[in-house]
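J.: Sequence:
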Amino acid sequence: MTIEEAQQTVDHWIQTTGVRYFNELTNMAMLTEEVGEVARIIARQYGEQSFKESDKDKVLADELADVLFVVICLANQTGINLTDALQRNLAKKTLRDADRHRNNEKLN
1 MTIEEAQQTV DHWIQTTGVR YFNELTNMAM LTEEVGEVAR IIARQYGEQS FKESDKDKVL
61 ADELADVLFV VICLANQTGI NLTDALQRNL AKKTLRDADR HRNNEKLN
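Note that UniProt numbering numbers the sequence shown so that position 100 is 100, with each residue one more than the last.
Keep in mind that the hints are not guaranteed to be accurate.
Stated by the list, open to error - Simulated pairs of lysine to any residue, SDA-like, Cα-Cα distance not exceeding 20 Å:
id	residue 1	residue 2
1	58	41
2	93	81
3	93	77
4	52	36
5	58	93
As the list claims (entries may be wrong) - Cβ pair distances, simulated, as ranges:
id	residue 1	residue 2	range
6	54	98	44 to 54 Å
7	100	17	35 to 45 Å
8	24	61	21 to 31 Å
Hint data in this document are derived by calculation from the structure and do not stem from the laboratory.
Even glycine gets a Cβ: it sits at the ideal position worked out from N, Cα and C.
Let the sequences and hints guide you as you build the complete structure.
T.: Structure, rendered in structure tokens:
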């Protein structure tokens with residue numbers, strides 16, 4: 001699935017199953033909540049935190065998909081084409097960081 005197809009699929013789901021988009025502030029709060037759930041899994045799976053019984057059924061892929069879903073919702077409702085935005089962002093990073101990371105002794 002392309003990013004454009006994902007935006008269309010999420011929009012269709014919202015219109016048919018989700019009834020309507022939550023407002024932008026609600027979606028921002030939801031995005032923060034979902035990123036927190038990703039952080040919780042990362043802290044336990046790759047960090048030093050121990051799992052609680054309630055954490056055992058959490059799956060990183062599912063939580064990352066929740067983050068992506070909300071990002072796509074925000075893009076759709078604010079008129080952002082994520083394919084174009086990502087291409088512009090990568091071009092900006094490529095120009096800005098052409099030598100930055102190569103010259104970072106911490107990365108070598």
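J.: State for each hint whether it applies.
T.: Comparing the hints with the structure gives:
At roughly 7 Å between alpha-carbon atoms, residue 58 and residue 41 fall within 20 Å of each other, so this suggested pair holds. Distance restraint check for residue 93 and residue 81: the Cα-Cα separation of roughly 18 Å lies within the 20 Å cut-off, and the hinted pair is therefore satisfied. In summary, the hint linking residue 93 to residue 77 is not supported, as the alpha carbons are separated by about 26 Å, beyond the 20 Å threshold. Of the pairs offered as hints, the one joining residue 52 and residue 36 holds, with about 16 Å between alpha carbons and a cut-off of 20 Å not exceeded.
In summary, the hint linking residue 58 to residue 93 is not supported, as the alpha carbons are separated by about 33 Å, beyond the 20 Å threshold. For residue 54 paired with residue 98, a C-beta distance near 45 Å keeps the hint of 44 to 54 Å intact. With their beta carbons about 44 Å apart, residue 100 and residue 17 fall inside the hinted range of 35 to 45 Å. For the pair residue 24 and residue 61, the beta carbons lie near 26 Å from each other, so the given range of 21 to 31 Å is met.
Going down the numbered hints, you'll see the structure goes against 3 and 5, while the others check out.
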